[in-house]
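Engineer: Each chain, written out:
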Amino acid sequence: MTRLYGSRGWIALAAFSAALLIVVPLLALAVPAGNPFHLSEYWVSLAGKFLCYAIVALAMDLVWGYAGILSLGHGLFFALGGYAMGMYLMRQIGLDGVYHRPLPDFMVFLDWKAYPWYWSFTDHFLYAAALVVLVPGLLAFVFGWFAFRSRIKGVYFSIITQALTYAAMLLFFRNETGFGGNNGFTDFKRILGFPIATLDMRVVLYALSAAALLGTLLLGRWLVTSKFGRVLAAIRDAEQRVMFCGYDTGHYKLFVWTLSAVLCGIAGALYVPQVGIINPSEMSPANSIEVAIWVAVGGRGTLAGAVIGAALVNGAKSFFTQEFPDIWLYFLGLLFILVTLFMPRGVMGLLGRRKAA
Amino acid sequence: MSDASVGHLVEQRLDATHGVVLYLDGISVSFDGFKALNALSLAIDAGELRCVIGPNGAGKTTMMDVITGKTRPDAGTAFFGQAIDLSRLTEAEIAQAGIGRKFQKPTIFEQHSVFENLELAMKADKRVRSTLFARLDSEARDRIAAMIERVGLAGAADRVAGLLSHGQKQWLEIGMLLMQEPRLLLLDEPVAGMSDHETERTAELFLTLAGRHSLVVVEHDMAFIASIARKVTVLNEGSVLAEGPLEAVQNDPRVIEVYLGR
Numbered sequence: 001m002t003r004l005y006g007s008r009g010w011i012a013l014a015a016f017s018a019a020l021l022i023v024v025p026l027l028a029l030a031v032p033a034g035n036p037f038h039l040s041e042y043w044v045s046l047a048g049k050f051l052c053y054a055i056v057a058l059a060m061d062l063v064w065g066y067a068g069i070l071s072l073g074h075g076l077f078f079a080l081g082g083y084a085m086g087m088y089l090m091r092q093i094g095l096d097g098v099y100h101r102p103l104p105d106f107m108v109f110l111d112w113k114a115y116p117w118y119w120s121f122t123d124h125f126l127y128a129a130a131l132v133v134l135v136p137g138l139l140a141f142v143f144g145w146f147a148f149r150s151r152i153k154g155v156y157f158s159i160i161t162q163a164l165t166y167a168a169m170l171l172f173f174r175n176e177t178g179f180g181g182n183n184g185f186t187d188f189k190r191i192l193g194f195p196i197a198t199l200d201m202r203v204v205l206y207a208l209s210a211a212a213l214l215g216t217l218l219l220g221r222w223l224v225t226s227k228f229g230r231v232l233a234a235i236r237d238a239e240q241r242v243m244f245c246g247y248d249t250g251h252y253k254l255f256v257w258t259l260s261a262v263l264c265g266i267a268g269a270l271y272v273p274q275v276g277i278i279n280p281s282e283m284s285p286a287n288s289i290e291v292a293i294w295v296a297v298g299g300r301g302t303l304a305g306a307v308i309g310a311a312l313v314n315g316a317k318s319f320f321t322q323e324f325p326d327i328w329l330y331f332l333g334l335l336f337i338l339v340t341l342f343m344p345r346g347v348m349g350l351l352g353r354r355k356a357a
Numbered sequence: 001m002s003d004a005s006v007g008h009l010v011e012q013r014l015d016a017t018h019g020v021v022l023y024l025d026g027i028s029v030s031f032d033g034f035k036a037l038n039a040l041s042l043a044i045d046a047g048e049l050r051c052v053i054g055p056n057g058a059g060k061t062t063m064m065d066v067i068t069g070k071t072r073p074d075a076g077t078a079f080f081g082q083a084i085d086l087s088r089l090t091e092a093e094i095a096q097a098g099i100g101r102k103f104q105k106p107t108i109f110e111q112h113s114v115f116e117n118l119e120l121a122m123k124a125d126k127r128v129r130s131t132l133f134a135r136l137d138s139e140a141r142d143r144i145a146a147m148i149e150r151v152g153l154a155g156a157a158d159r160v161a162g163l164l165s166h167g168q169k170q171w172l173e174i175g176m177l178l179m180q181e182p183r184l185l186l187l188d189e190p191v192a193g194m195s196d197h198e199t200e201r202t203a204e205l206f207l208t209l210a211g212r213h214s215l216v217v218v219e220h221d222m223a224f225i226a227s228i229a230r231k232v233t234v235l236n237e238g239s240v241l242a243e244g245p246l247e248a249v250q251n252d253p254r255v256i257e258v259y260l261g262r
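If you read the sequences in order, they're chains A and B. Reminder that position 183 of the first sequence reads as 183 in our numbering, one-by-one numbering, no gaps. Reminder that position 105 of the second sequence reads as 105 in our numbering, one-by-one numbering, no gaps.
Hints are computed from structural coordinates only; laboratory data are not their basis. Owing to the predicted nature of the structure, the values given are computational and were not obtained by experimental measurement. No residue lacks a Cβ here, since even glycine has one placed at the ideal position from N, Cα and C. It is possible that some hints are incorrect.
[What the hints assert, rightly or not] Computed footprint of chain B on chain A; a stretch qualifies when at least three of its residues, placed anywhere within it, have a C-beta under 8 Å from a C-beta of chain B:
#, segment
1, 235–243
2, 247–256
3, 281–291
[What the hints assert, rightly or not] As a list, the in silico PhoX-like pairs of lysine-lysine whose alpha-carbon atoms are at most 25 Å apart:
#, chain 1, residue 1, chain 2, residue 2
4, B, 105, A, 153
5, B, 35, B, 105
6, A, 49, A, 317
7, A, 153, B, 231
8, B, 70, B, 123
9, B, 105, B, 123
This is chain B alone, in the form it adopts within the complex (with noise of 0.2 Å):
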């Protein structure tokens, strides 16, 4: 719905030389007078697992919503590695563009089959004309079966989506990030309603995605925190409050004020 130019902005390979992925600065938001973002900053670098903690209200959500287009800013930049401008691009051209974001509550294709709900994120050329035409061919089948086996949803292809159990929808959700091959993902709560056993394997899948994606991990969960966290960062009222390994973090007299302790 943007300009036709932006597409070449979109099409042309994620330029992460500076090891950067992406790039907020100063990026502030506010609904009727309330900051939910205040001059924040923050930059992940390629390859990367942070995780992002912080009391309710801190932004956190909001800050997924500006780096997805969902929401713009009111002042302050936001880069998708050195060349693309998210503040420009629509949610679907940034989601094109390589990221990925995973909802607090799964948000997944509940009426179509879990081989559906992978088939529609896979990525392809996801314009009208080329969609009414797409046909899926035996390597994009094989691919489809073998995330479908990464989820730990073997044997469910055909399940209607809506009916998967609720750590199975969260696993579905994920799968249908990675089907998209995202450079970066963002992935809120992604451990809310698991089980111990599914939190412990997404966990590990988590720590084998790192490296290749950059992952942004916004969670509670402070034991799972712990279980993959390498650099946290702390948000409080709109703007980062403390930034840098876990425990560093978490003997930050500041933080236990405003989040641990309570």
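Bound-form chain A, shown alone (with noise of 0.2 Å):
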């Protein structure tokens, strides 16, 4: 376990790196249109929101392949950080909305004559930032707090975390709530001052992504591979026995839980202003447990193969909806089921069978 990533895996990290830091951004910035190689906007925005993704299922992996807490609610986590900088796109949008007032669209549609309470400051990037951090780092500790001082584990934890995900959604779907019901957040039209749809920006959020991907990688390494990591994973296998060792389950349990939440939240702010939409369907349970299949596909407590889960899923997923739209339910279910029966460890399980073989 400590042997995580030798010099063969730090090689493959580097490599993975450049292509996702150089390869690309060259691609699109620096190969003319036209050219094959040329990387479009849409692309470069879907490789971005994979980036996204796969930060989450690095997030999930943290908690249910390391500590076996299965979450059943981290698009949650996920949707709360692409709505704190939803926020902030949205007053960015300034008096170019369809009704050319001060206001969003859709409070101007619900006859608000001025912003709810919370969205104070939120036209000032750095707050929304924090909020980003905050919102979905403190809902976690809170409920983390309470879940895990009462000792409440498998089935039942990751049941209540998919109606807290669940009860969520219905909230947000509220035009009353404040923001935007059932059409969420959309139609922004720039960050920091600079217009959004443009390659430029979309290389500038897509880089931004692959640097905080790279980020958690290494940050999910050094938690793994330190002795943390190693009462994380005794905790998986044998709670009572790390109690009676002198270790507070609880508190580890909470740290990485309020941490793997956190960092859904950073990824769904990236997420958002790439996809340039947010809605309260991101909350729906099937998100949330898409992000456990992600992680199961990859392999459980491995790091890499949450992110090759996620990229494999999402990939399928992809090339599904937009040719075979009506089969892609059914090839979710169906790979969920074959990789539990002949894949219990993932893509990176296959490859280690053929690395010793």
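Both chains are sitting in their own frames, so use the hints and assemble them into the complex.
Structural biologist: Here it is as structure tokens:
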């Protein structure tokens, strides 16, 4: 376990970083449009979106793969980070909305005269960035504090997280909640004053996502190779023994749980300007379950597997929903069954077996 | 998870000035009307090796649950030394105070190596922040290596613990307890599943531990009890039926009636 990422792992990571941070931006910016190797806005945004999903998968792997806590509500933290960034992007629209008023269109539509109190200061980017971290972090901390103190675990914990994201989705669907109801936020115009729908801005957002993913990967690696990571894995395998060794396991779970939620929030904040929309469907239970599937497909408790799983499943999803939209859900279900039956350790398990042979 | 002042209590040294390391007084525990412990009183002296026997359901494991904080007593007091009230501490705080527990079924970290199992158990600051930045110094490595030797796992430091034999797992768990440097060890059926040779060596180990540590051993293996016993406590229906030297207890008609005679 301590030998995760030998020299081969570091070489793979360096190649991965170079591809993310150098090759993709070059193909988008330096290769002229019309050249078959040119990456258009669409592809850059799609790649950026995948990177955000990969961050969520890593966050999920930390709590599920290492600490054994299966969350079926991680989409909530992702969406909250996205909404926090979305509030700032809505304020950046200024007077350019459909109604040309200083309020977002949906508030004009509701005949509201002023921003509700919780929209205060959201026109400041740094404040919105703080919300991206603090809102999911605080919610996770409070929820986790009660859940872990009450020693809720296993399937009970999973069901409660599922209920939590579902309840939040219903709340956000209401127009009166003040977050745009079922349409959410969209039609963003600019970020920090720069127009948002240009190739340059797409590449910048993409590169930030890539940097965030690599940072998360390194942070995750540092965590799981530390003694802290060994305690987490021990909690997953024999929590009582860890307690009787003198560790307060609740504190360990609360720390990694909150960190995981914060990472999801950051991923959501990077995701929203790239896809151009955030609405309550991001909080739907199915979305959170999909995150668990990404990690299971890639291989739990491996970090790299989470990234691979997120890329594979979402790649397949993009392909199927475009070419064969009707069978995507069947494919997803089949994939989960096959992985559970034949690849309990996911893609990483297959790679490991080949190496051993 | 309990209030911060308890932390200080744990930090202070165990006060065993009156020679008693563990003191249970009138402990009662019931589960849905079933009295698992019924006004149990028991005192363990510092450095003592005490064997606890009794029929199934006598309350042996529940007694250990109460001492280690897993189960809260409905009535009675449990003190570790003179000053530490066990009923106010969490499992982790009790372990830090110096009580180690071996489970009936060997409970080790199956996916960690032998070395890592002992590393995690080793006495240290076990709060999250210290654990994040913990580094093993060479002195700690030497202590782990010495313990691997002592529990007969030389050469298996990097072996995944799940691959060990049953007896080896029992020994690894005992090694983990010792890494915690406990004042009191609670051992629930430590030789179950061990070969005769392993059992013999375990008896030797326990005899060398007594004196510096206090041990409470729950066992059914009477030959093993005979090889280590000084003082034996017989539990029945949640309270102490008899207590004394093994020979006296073995000849006690009440003990024969409920336990040995069957």
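Engineer: Hinted pair, alpha-carbon criterion (25 Å max): residue 105/B, residue 153/A. Please report holds or violated.
Structural biologist: Given that 25 Å is the threshold and the Cα spacing comes to 22 Å, the pair holds.
Engineer: Straight-line Cα separation of residue 105/B and residue 123/B no greater than 25 Å?
Structural biologist: holds (23 Å)
Engineer: Please check whether the segment 247–256 of chain A has three or more residues whose CB lies within less than 8 Å of a CB on chain B.
Structural biologist: holds (count 7)
Engineer: How does the segment 235–243 of chain A fare against chain B when you require at least three residues with a CB closer than 8 Å, holds or violated?
Structural biologist: Since three or more residues must qualify, the claim that chain B covers the segment 235–243 of chain A holds, with 6 doing so at under 8 Å.
Engineer: Between residue 70/B and residue 123/B, is the straight-line Cα distance small enough, at 25 Å or below?
Structural biologist: holds (21 Å)
Engineer: Are the Cα positions of residue 35/B and residue 105/B separated by 25 Å at most?
Structural biologist: With a Cα-Cα distance of about 24 Å, the restraint between residue 35/B and residue 105/B holds, given a limit of 25 Å.
Engineer: Does residue 153/A pair with residue 231/B here, judged by a C-alpha cut-off of 25 Å?
Structural biologist: Outside the cut-off at roughly 41 Å; violated.
Engineer: So is the segment 281–291 of chain A in contact with chain B by the C-beta rule, three or more residues under 8 Å, or is the coverage claim wrong?
Structural biologist: violated (count 0)
Engineer: Is residue 49/A within 25 Å of residue 317/A, Cα to Cα?
Structural biologist: holds (13 Å)
Taken one by one, the earlier hints fail for this structure at numbers 3, 7, listed in ascending order.
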